[in-house]
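Novice: Got chain A; can you put chain B on it based on the hints?
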Amino acid sequence: MSRTMFVVAFVFSAACAHLAANAVPFTLKSESVNFPDSDKTFPGPGADAINNNCLSCHSAGMVLTQPALSKDAWTAEVHKMIANYKAPIDPNDVDAIVAYLVRTKGK
Amino acid sequence: MSSGLENDSHRHAMTRRYLLGAAGLGGLALSLRGACAETIDLPLPGGPDERDITTAFPQKGAMILQRTRPPLLETPWSVFDKGVFTPNDQFYVRWHWAVIPTSVDINTFKLNVHGHVNQTVLLSLQDVLAMPQVELAAVNQCSGNSRGFFEPRVAGGEWANGAMGNAKWTGVRLKDVLDRAGVKPGAVQVRFNGLDEPVVPDAPDFKKSLAIDHARDGEVMLAYAMNGEQLPVLNGFPLRLVVPGWYATYWVKMVSDIEVLDQPDDNYWTKTAYTIPDTPRANVTPGQTGVKMIPINRMVPRSFITNVSAGATLPAAKPSLVRGIAFGGDSGVASVDVSTDGGKTWTPAQLGKDEGKYSFRQWQSQITLPSAGKYSLAVRCKNASGEAQPDTPNWNGSGFMRNVIETTNVVAS
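Protein chains in written order, with our numbering: chain A, 6 to 112; chain B, 256 to 668.
No lab work stands behind these hints, which were simulated from the structure alone.
Please note: incorrect hints may appear among the correct ones.
To be verified - Distance windows between CB atoms, simulated:
#1 B:LYS608 with A:PRO30: 26 to 34 Å
#2 A:ASN89 with B:GLY483: 33 to 41 Å
#3 A:ALA104 with B:GLN605: 54 to 62 Å
#4 B:PRO456 with A:HIS84: 48 to 56 Å
#5 A:ASN39 with B:ASP533: 39 to 47 Å
#6 A:PRO48 with B:ASN538: 49 to 57 Å
#7 A:LEU69 with B:THR534: 47 to 55 Å
#8 A:LYS76 with B:LYS526: 27 to 35 Å
#9 B:LYS547 with A:ILE87: 23 to 31 Å
#10 A:VAL29 with B:THR534: 42 to 50 Å
#11 B:ASN362 with A:ILE87: 38 to 46 Å
#12 B:GLY483 with A:HIS84: 21 to 29 Å
#13 A:LYS76 with B:ASN538: 19 to 27 Å
#14 A:LYS34 with B:ASP434: 22 to 30 Å
Stated by the list, open to error - Residues of chain B placed beyond 12 Å of chain A at every Cβ, according to the derived structure:
#15 GLY302
#16 PRO325
#17 LEU327
#18 HIS351
#19 THR527
#20 THR534
#21 ARG536
#22 ASN562
#23 TRP601
#24 GLN605
We treat Cβ as the ideally placed atom computed from N, Cα and C, and that holds for glycine.
Extracted from the complex, chain A is given alone in its bound form:
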């Protein structure tokens, strides 16, 4: 009987987040913080289109640390931003954005 109890208890504990032993009531306090921003822009010639269209949703840093990618890959990335993430990119700027990425991050 006691062995059965042990098995039941073991199965229960394995299947659930553990009820906190000696649980003490937890208290929370309100939070107010500030997030830093980045003043980094895309450098070099031909960067106007990417600076004007892309920096409202994300800072430049992650783009500048991308590996060298093919023109097809960069084209797909820009179109993913437009189609999936609704980036309000001026259609006339798409070619210039892809061209900048291919020139600075192409292979």
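Specialist: Chain B only, in chain A's frame:
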């Protein structure tokens, strides 16, 4: 807003920034310039390797800056050698959208539980804190952790191995929260939404769903604390979903809305984003097409050396202590083995304290490199379900689910 955050003013700032375009950037918030005194080189194939180390983010110590806005902050590798739990102030950070509340008032915040339920309930944080308290140690790992090591390289956050962390989570069972509303027969999924919002109004708000049985399994939690402290804002204060054994994309931060669905979720973030090839190890050949895609789900085993870096020198013909961390994914660590010959032969490592099957587990091993020369140290983990790390890397276009056996090249002298 009833959820008790100063979101509207922030949203206004974001909208204004959008209108101003690049010319307006930097003037509305703290600038990072000057805050980055040092850099770190990540060993990513083909580079670029250099990243700033930042201390500019609230409630965070030194972090690897992958992106400022929305924040992507990687845990420096040295942190993982210090203990089995990752300190809150160096726990990695990953947000999808830049409109993140900077203030949350615990007295007015509400958690809305609604949808295919008997009665909609609005829970205060006091209501949540009064429910039975549970705790669980679990690894939170980004789907794309280690993406920067994929070859050929793929676009995305170019993480090294530090987009993961392990914490002891304290909170309540999601099942108990759902029971307050009463799930109706016919429910199929539960969808979670946090307080973050897209910058562009018609862009898809970040939401994720779990199957109803998963959501009610007694393990999935709503956490209000990690490692004994309330969550840092950037890690999801005041409530974060904890989905043990599953990738972090499901661990929705700042959860304020739980919707029980009677139809499968067709929102972008569940149906389209974060999908993997339905193949073993989510592995495909670069360029392969016509592969069925499924939502990413459970994690797979991984293990790492934490006290020896690539290129380190160890003494020849003398014992050296090698140690690190391992985790089993969705089951516990069964064994960890160490190799000093690039994986030709293996020796079992000694496992540290078991903090639970979803936790990091520390391991250590005494190794002796017999003579001067070059050696390839490797470590591998097998989980309690019998799943072992592979000796060749997987590849997919999103850079998800890397878990190849890691190798560290060293010199003995």
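Novice: Give a verdict on every hint.
Specialist: Against the structure, the hints come out as follows:
1. B:LYS608 with A:PRO30: 26 to 34 Å: Taking Cβ atoms as reference, LYS608 (chain B) and PRO30 (chain A) lie about 27 Å apart, which means the hint holds.
2. A:ASN89 with B:GLY483: 33 to 41 Å: 39 Å, holds
3. A:ALA104 with B:GLN605: 54 to 62 Å: Holds, since ALA104 (chain A) and GLN605 (chain B) (Cβ atoms, about 56 Å apart) stay within the stated range.
4. B:PRO456 with A:HIS84: 48 to 56 Å: Taking Cβ atoms as reference, PRO456 (chain B) and HIS84 (chain A) lie about 20 Å apart, which means the hint is violated.
5. A:ASN39 with B:ASP533: 39 to 47 Å: For ASN39 (chain A) and ASP533 (chain B) the Cβ distance comes to about 43 Å; the hint holds.
6. A:PRO48 with B:ASN538: 49 to 57 Å: Violated - the Cβ-Cβ distance for PRO48 (chain A) and ASN538 (chain B), about 37 Å, lies outside 49 to 57 Å.
7. A:LEU69 with B:THR534: 47 to 55 Å: Violated, at about 33 Å.
8. A:LYS76 with B:LYS526: 27 to 35 Å: Cβ of LYS76 (chain A) to Cβ of LYS526 (chain B): about 29 Å, so the range 27 to 35 Å holds.
9. B:LYS547 with A:ILE87: 23 to 31 Å: Holds: the Cβ-Cβ distance is about 26 Å, inside 23 to 31 Å.
10. A:VAL29 with B:THR534: 42 to 50 Å: 47 Å, holds
11. B:ASN362 with A:ILE87: 38 to 46 Å: 41 Å, holds
12. B:GLY483 with A:HIS84: 21 to 29 Å: Once the Cβ atoms are compared, 46 Å apart, the range 21 to 29 Å for HIS84 (chain A) and GLY483 (chain B) is violated.
13. A:LYS76 with B:ASN538: 19 to 27 Å: 26 Å, holds
14. A:LYS34 with B:ASP434: 22 to 30 Å: 28 Å, holds
15. GLY302: 7 Å, violated
16. PRO325: 7 Å, violated
17. LEU327: LEU327 (chain B) not clear of chain A: closest Cβ-Cβ about 6 Å, inside 12 Å.
18. HIS351: At roughly 9 Å from the nearest Cβ of chain A, HIS351 (chain B) sits no farther out than 12 Å, so the non-interface label is violated.
19. THR527: Label violated. Min Cβ-Cβ 7 Å, cutoff 12 Å.
20. THR534: 21 Å, holds
21. ARG536: 22 Å, holds
22. ASN562: Non-interface label stands for ASN562 (chain B): nearest chain A Cβ at 27 Å, farther than 12 Å.
23. TRP601: 29 Å, holds
24. GLN605: With a cut-off of 12 Å, GLN605 (chain B) remains clear of chain A, as the shortest Cβ separation is near 24 Å.
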